[in-house]
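Student: Residues per chain are reported as follows:
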Amino acid sequence: MDTKIATDRLRLSFGTTEVLKSVTIKVHRNTITGFMGPSGSGKSTLISVINRMIDFENNVKIEGDATIDGTSILDGSINPIELRRRVGTVFAVPIPLPRSIFENIAYGPRLKGTSDRTTLHHIVEDSLKKAFLWDEVKDRLGTSALKLSGGQQQRLCLARTLALKPEIILLDEPCSGLDPISTAKIEDALSELKSEYTIILVSNNTKQIARISDFSAFFYLGELIEYDTTEKVFTAPAEAKTEDYIQGKFG
Amino acid sequence: MIDRTVLKERFVKWVLVAFALSSLLFLFLIFIFILAEGLPLFLKVGLNKIIFGMKWAPTKGHFGIFPMIISSFLVTIGALVIGAPLGLSCAIYLSEYAGKRTRMLLKPAIELLAGIPSVVFGFLGVIYIVPLVRNYLGGSGFSLISTCLVLGVMILPTIISISFDALVSVPRTYREGSAAMGATKWQTIYKVIIPSAKSGILASFILGMGRAIGETMAVIMIAGNALKIPTSILDPLRTLTGNIALELAYATGDHRLGLFSTGVVLMVIIMILNYIANFGIKRKIAK
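Line by line, the protein sequences are chains A and B. Going by the numbering used here, the first sequence opens with residue 253, and the numbers climb by one from there. Going by the numbering used here, the second sequence opens with residue 38, and the numbers climb by one from there.
Think of the hints as simulated: they come from the structure by calculation, not from any bench. Here the structure is a predicted model, which means the values were calculated and not measured. A hint or two may mislead.
Said to hold, decoys possible - Per label pair, the in silico range of CB-to-CB distance:
{"#": "1", "chain 1": "B", "residue 1": "L58", "chain 2": "A", "residue 2": "T366", "range": "58 to 64 Å"}
{"#": "2", "chain 1": "A", "residue 1": "D317", "chain 2": "B", "residue 2": "K137", "range": "30 to 36 Å"}
{"#": "3", "chain 1": "B", "residue 1": "K235", "chain 2": "A", "residue 2": "E334", "range": "28 to 34 Å"}
{"#": "4", "chain 1": "B", "residue 1": "A94", "chain 2": "A", "residue 2": "S396", "range": "17 to 23 Å"}
{"#": "5", "chain 1": "A", "residue 1": "E334", "chain 2": "B", "residue 2": "L150", "range": "37 to 43 Å"}
Claimed, not checked - Below, a list of computed lysine-lysine pairs in the DSS-like style, where the Cα atoms sit at most 27 Å apart:
{"#": "6", "chain 1": "A", "residue 1": "K381", "chain 2": "A", "residue 2": "K399"}
{"#": "7", "chain 1": "A", "residue 1": "K364", "chain 2": "A", "residue 2": "K382"}
{"#": "8", "chain 1": "B", "residue 1": "K235", "chain 2": "A", "residue 2": "K417"}
{"#": "9", "chain 1": "A", "residue 1": "K399", "chain 2": "B", "residue 2": "K228"}
{"#": "10", "chain 1": "A", "residue 1": "K399", "chain 2": "B", "residue 2": "K81"}
By construction, the Cβ of each residue, glycine as well, lies at the ideal position given by its N, Cα and C atoms.
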C-alpha cells in the first residue's frame, strides 16, 4: 500500500515531559486511519506535528522525522502556511469564525487568492455538499455561522477544510461534543471523502473508529502500542493493552 | 440581641455604600450646577443664537459659539486621524508580535505617557511643534495642525490600552482556526482578529475622542485661540474648553453665564460620545 504520511522515531517533549516516545507509523493514502488511546496518549500531539500547529506551543523539542509523500515536514525549508493548506484540520470544538456561513468557507480559498464570486460560490456549494450540510443551510448562506447548531458548526468546519482542497484531513475528536445524529452525518461524509483524501481520525470513541476507519492505531502514554487494519485490531489484537482498551477496561 | 461583629460588618458596609454613592452625588451636583448656570442664557438669548451664532462678543451681547464648536470638532477629528492609526498599530504590535520582554518594557512606557501633565505636552508643543510648523509650513505656527499633532500623541495611551485589551481578548481558538486554514499571521490579524475586536477598537477611538475634545491646557497653549472658523490647517482656532479656561477669570454677569452655556454644550457632546462608546461595548458583550 502507498504511504502518504510517515513518522520515523518521532520524539517530542514539552520542557521535560516527553509526550511522544519514538513513534514510527505509516499512514496509507486514501484511507481513514483511526488514532485511539486514553487522554495523554499523545495522539493529538502527533496530529499537531503533521499540521505544524505545534509551532504555536512554547518549549517544544522534536527529534526524529515526519514526512508527507516522502518529504520531511519538519525541515526548516518547509513553509508551515503552505503545509496547512495541504493538511486540513477539524478541531474537537467547532471554531467557526465570527462571519457568515459563506464567508467561513470562502475564507481559505480567499487566502489563496481566489476572489471570483462564481468560483467561490462553486467551491462553497461543493464543500457544503460534501460535508452533508448544503441542504440545511443553502437558503441562509449569509447568516452568521455562530447561529448554527453544534453539529452543523462541526460540519461547517469540515466543509471549510474541504474548501482548501487539501490532500490530508486531520480530525481531532470531531464528534466529542455532538449528538448521535450529527455524528452519523459526519461519519457518512468521511466515508465518502476517503476516495479523494487521506483522513486521520482521532477519537476516544472506539466504536466510531471500528465503524469507519480502515486502519487503527492504539496509542498509550506516548507510545504506539499497536497499528494494523481495523478488522485485525478489533477482532484479534496482538497486544493485551489494546484489547483491554477496546473492551473499556481502562481509558 | 445582635452580635457585635454583625453590627461592625453592617457599619463598614454602610460607610462604603455612602462613599460609593458620593461619587454619584458629585456627578449629579456638577450636572445641576452647570445646567443651573448655563441654561438661563439659552432662554434669554435663544438656543439658535448661541449654538449657530458666529460672533462671540459677550460684553456686547453676542454669544455665538459656532466657530468654537466647529474648532473643537476639527481638533478632535484631526487628533484621531493622527492618533488612531498610530495607536492601533502599536496595540496590534503589542498583542500579536511583541515578545514578553518588549511588552513589559512598552506597556509601562505607554502608561507613563498617560501620566504626563497636559501642560507639559503644551509646553513641548510651543517649544518644538509650533516653530516647526511656522518654519516649514508657514503661518504663525499656532494652528490647527499643531494642535492636532499634540492631541494625537496625547490620546495614544487611551487608544493603545483599550484596543490592546480588545485584541488580546479575541479567543485563541479563532487564531488557531484561521492558522489551520493556511492563513499567514497578518491575514489572521487582518481578517479575523481585528474584525472580532472591532467594537473594542471603536470604543477606544471614541474614548480617545472624548479625551481630545475635553483637553484644555495643551490646546490653549498651541491653538492660537482666534475667534473664527479655521479655513486652513495653518489657521489658529479656539475650542469650547479653551474659551472657558481663557475667559472665566475675568468674566462677570452675562459673560460668565455665556461660559457656562459653552460648558453645557461641551457636556452634551461628551455625554453623546460616552453613550456611543458604551453602546459599542455593550453590543460586543451581547454578541
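Student: With the threshold set at 27 Å, check whether the alpha-carbon distance from K364(A) to K382(A) stays at or below it.
Tutor: Holds: K364(A) and K382(A) sit about 21 Å apart, inside 27 Å.
Student: For the pair we were handed, K399(A) and K81(B), check the Cα-Cα distance against 27 Å.
Tutor: 56 Å, violated
Student: Are the Cα positions of K399(A) and K228(B) separated by 27 Å at most?
Tutor: OK: K399(A) and K228(B) at ~20 Å, within 27 Å.
Student: Next pair to validate is K235(B) with K417(A); report whether the Cα-Cα distance is within 27 Å.
Tutor: With a Cα-Cα distance of about 31 Å, the restraint between K235(B) and K417(A) is violated, given a limit of 27 Å.
Student: Kindly confirm whether 30 to 36 Å is satisfied by the beta carbon distance between D317(A) and K137(B).
Tutor: 31 Å, holds
Student: Return holds or violated for the Cβ distance of A94(B) and S396(A) against the range 17 to 23 Å.
Tutor: About 56 Å separates the Cβ atoms of A94(B) and S396(A), which means 17 to 23 Å is violated.
Student: Against the 27 Å threshold, does the CA-CA distance of K381(A) and K399(A) hold or violate the hint?
Tutor: Holds, at roughly 19 Å.
Student: Quick check on a hinted range of 58 to 64 Å for L58(B) and T366(A), using CB atoms only.
Tutor: 60 Å, holds
Student: If I claimed the Cβ atoms of E334(A) and L150(B) lie 37 to 43 Å apart, would that claim hold in this structure?
Tutor: 41 Å, holds
Student: So does K235(B) sit 28 to 34 Å from E334(A), Cβ to Cβ?
Tutor: 30 Å, holds
Violated hints, listed in ascending order, are 4, 8 and 10; each of the other numbered hints is respected by the structure.
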